[in-house]
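Asker: Here's the letter readout for the chains.
Number of protein chains: 2
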Amino acid sequence: MGQEMLGAKQKESSTYLKAYPLRALGDIDKVKEDLRNSSIVILRITPLAQKSVDELKRAVEELYQYAEGMGGDIARLGEERIVITPPNVKIWRALAQ
Amino acid sequence: MGQEMLGAKQKESSTYLKAYPLRALGDIDKVKEDLRNSSIVILRITPLAQKSVDELKRAVEELYQYAEGMGGDIARLGEERIVITPPNVKIWRALAQ
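Protein sequences, first through last, are from chains V and X. Heads up: the first sequence is residues 1 to 97, going by our numbering. Heads up: the second sequence is residues 1 to 97, going by our numbering.
Mixed in with the good hints, there may be bad ones.
You can't tell identical chains apart in this list, so a pair holds if it fits in one copy or across any two.
Here are the simulated lysine-lysine pairs, DSSO-like style, with alpha carbons at most 27 Å apart [unchecked claim]: (1) K30 <-> K90; (2) K30 <-> K57; (3) K51 <-> K90; (4) K32 <-> K90; (5) K51 <-> K30; (6) K51 <-> K32; (7) K18 <-> K30; (8) K57 <-> K32; (9) K32 <-> K18; (10) K51 <-> K18; (11) K90 <-> K57; (12) K90 <-> K18; (13) K57 <-> K18.
Hints are computed from structural coordinates only; laboratory data are not their basis. Keep in mind it's a predicted model, so treat the numbers as computed, not measured.
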């Protein structure tokens with residue numbers, strides 16, 4: 001119990017921001033795992049978009065629901081990327097971009 | 001003292017991720033302020049790049065030194081953006097992007 005709490009504290013004090021591409025629908029399991037480990041994920045979605053727009057739609061929808069379900073956040077970042085955050089990180093939305 | 005500690009804890013438990021454009025060299029003061037407040041900043045650098053490549057160079061160099069100096073991290077995100085993190089957030093670098 002004591003060790004678990006220490007582990008949780010260590011994770012919180014060193015959040016990771018990971019940027020990588022989404023190449024296949026199966027890659028979203030890795031994204032979910034990263035979110036569970038409190039990492040922030042910046043996902044370049046163009047590789048999957050070029051392969052299949054339908055699969056991209058499904059992937060984004062599933063990640064949207066997953067992020068919402070865990071109390072995290074998700075937002076588009078230009079044309080090529082989305083950013084997904086764990087519950088402790090909020091995406092601040094500017095009025096003017 | 002007790003209030004200060006509570007304030008620090010509250011900030012830590014709700015990190016913000018802010019995405020906004022860099023339009024002028026003067027905008028970096030805002031970036032530095034956000035970093036001091038433990039926010040993660042994703043900066044779209046194209047507006048300043050279109051205005052002056054020299055000013056962009058100076059801005060990125062200054063932000064690089066600032067992030068390094070405070071124990072944070074900075075990385076390029078494609079052609080249009082850079083991401084800068086406060087000390088508690090580490091940028092994870094993939095071997096293959």
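Asker: Evaluate each hint against the coordinates.
Answerer: Okay, the hints, checked on the actual structure:
Taking the shortest alpha-carbon separations for K30 and K90, both the intra-copy value of 21 Å and the inter-copy value of 18 Å come in at or below 27 Å. In this homomeric assembly, K30 and K57 come within 27 Å of each other (Cα to Cα) only inside a single copy, at 17 Å, whereas the closest approach across copies is 35 Å. Taking identical chains as interchangeable, the C-alpha atoms of K51 and K90 are never at most 27 Å apart, the minima being 31 Å within one chain and 31 Å between chains. Within a single copy, K32 and K90 get their C-alpha atoms as close as 17 Å, and across copies as close as 19 Å, so both meet the 27 Å cut-off.
Within a single copy, K51 and K30 get their C-alpha atoms as close as 19 Å, which meets the 27 Å cut-off; across copies the closest is 39 Å, which misses it. With identical chains, the CA atoms of K51 and K32 are at most 27 Å apart within one copy only, with a shortest distance of 21 Å there and 39 Å across copies. For the homomeric pair K18 and K30, the shortest alpha-carbon distances inside one copy (11 Å) and between copies (24 Å) are both at most 27 Å. In the homo-oligomer, the alpha carbons of K57 and K32 lie at most 27 Å apart inside one protomer (16 Å), although the nearest pairing across protomers, at 36 Å, exceeds that limit.
Proximity of K32 to K18 under the C-alpha cut-off of 27 Å is found in both arrangements, the shortest distances being 12 Å within a copy and 22 Å between copies. Taking the shortest alpha-carbon separations for K51 and K18, only the intra-copy value of 23 Å comes in at or below 27 Å, while the best inter-copy value is 30 Å. When the C-alpha separation of K90 and K57 is checked against a cutoff of 27 Å, the pair qualifies only within one copy, where the shortest distance is 23 Å, while the shortest distance between copies is 30 Å. For the homomeric pair K90 and K18, the shortest alpha-carbon distances inside one copy (16 Å) and between copies (9 Å) are both at most 27 Å.
With identical chains, the CA atoms of K57 and K18 are at most 27 Å apart both within one copy (21 Å) and between copies (25 Å).
Of the numbered hints listed earlier, the single one contradicted by the structure is hint 3.
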